[in-house]
Amino acid sequence: MKRALLAMLLVAPATAAIGVPLVQFRMAFFSDAIGHSAFTGVALGILLGVSPTWTMVVFGALVAVGIVLVKGRTDLSADTVIGVFFSTAIALGIAIISRAKGLTRNLQMFLYGDPLAISDAEIVWLLFLLLLVGFFLIVTYNRLLLLGIHEGFARSKGVRVKAVEVSFALITSLVVTAAIRTVGILLVTALLIIPAAAARNIARAAAPAFLLSIGISLFSGVCGLIASYYLDTATGATIVLASSACFILTAAMRTARSNE
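Heads up: the sequence shown begins at 219 in the numbering used here, then just goes up one per residue.
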């Protein structure tokens with residue numbers, strides 16, 4: 219339980235901070251594609267007899283970079299390109315599972331997540347990832363804001379758009395695959411998007427949105443973990459429900475403020 223709590227204190231700020239640009243870029247579907255590509259990465263790892271954690275990270279990173287590169291070379295919308303990769307990754311994972319019988323039960327822990335089973339090595343990885351996310355956002359904060367306004371405008375200001383997009387995609391893939399161990403593949407997108415969306419309901423600028431998103435994510439993560447212990451419910455699902463409650467509260471606050 220102590221490791222699970224420490225894991226939430228490390229993964230919640232990372233997911234919340236990355237979630238704000240995803241909401242700003244209207245790319246919530248992107249994190250979903252990365253999360254579900256991890257399903258195929260895990261299946262490949264089990265099939266090849268190597269650690270599914272590493273194959274999940276590598277495959278997720280390849281999908282993330284692939285989406286960015288293909289999006290830049292076609293006239294298709296971002297959602298369309300993401301949808302193509304999303305569908306292909308899921309189909310590949312299902313094909314692998316259907317061929318190798320008995321893989322399904324090994325996927326359970328990745329589908330639903332289990333923060334109570336996190337190891338000390340994974341705690342160290344989450345700490346490193348949190349520091350990496352913090353460093354990345356400090357370095358690229360202004361460029362991400364410009365990119366969120368308009369790609370052409372960011373390019374005119376000297377931003378190396380492709381480099382920022384690829385690096386952001388890689389960081390997002392690392393965060394998503396790390397968060398899967400806490401809430402699972404099925405709910406990982408919620409851990410990134412809901413706190414950021416809740417923060418956007420009441421934040422008037424980008425900087426407060428980051429801080430509010432991190433605060434909401436930490437609050438819902440800790441409350442969800444404790445509630446799941448006493449209610450004997452799935453930890454990941456309970457954490458997401460706590461985040462959803464925060465979203466409903468902030469949405470009500472925004473409505474009340476707009477009616478004043």
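Errors might be hidden in some of the hints.
[To be verified] For lysine to aspartate or glutamate, the following DMTMM-like pairs were computed, each having C-alpha atoms within a straight-line distance of at most 25 Å:
1. 289 x 250
2. 380 x 250
3. 375 x 450
4. 220 x 340
5. 380 x 450
6. 380 x 297
7. 220 x 338
8. 220 x 293
9. 289 x 450
Hint data in this document are derived by calculation from the structure and do not stem from the laboratory.
| request: Give me the numbers of the hints this structure contradicts, sorted from smallest to largest. | output: Those not satisfied are hints 3, 5, 8 and 9.
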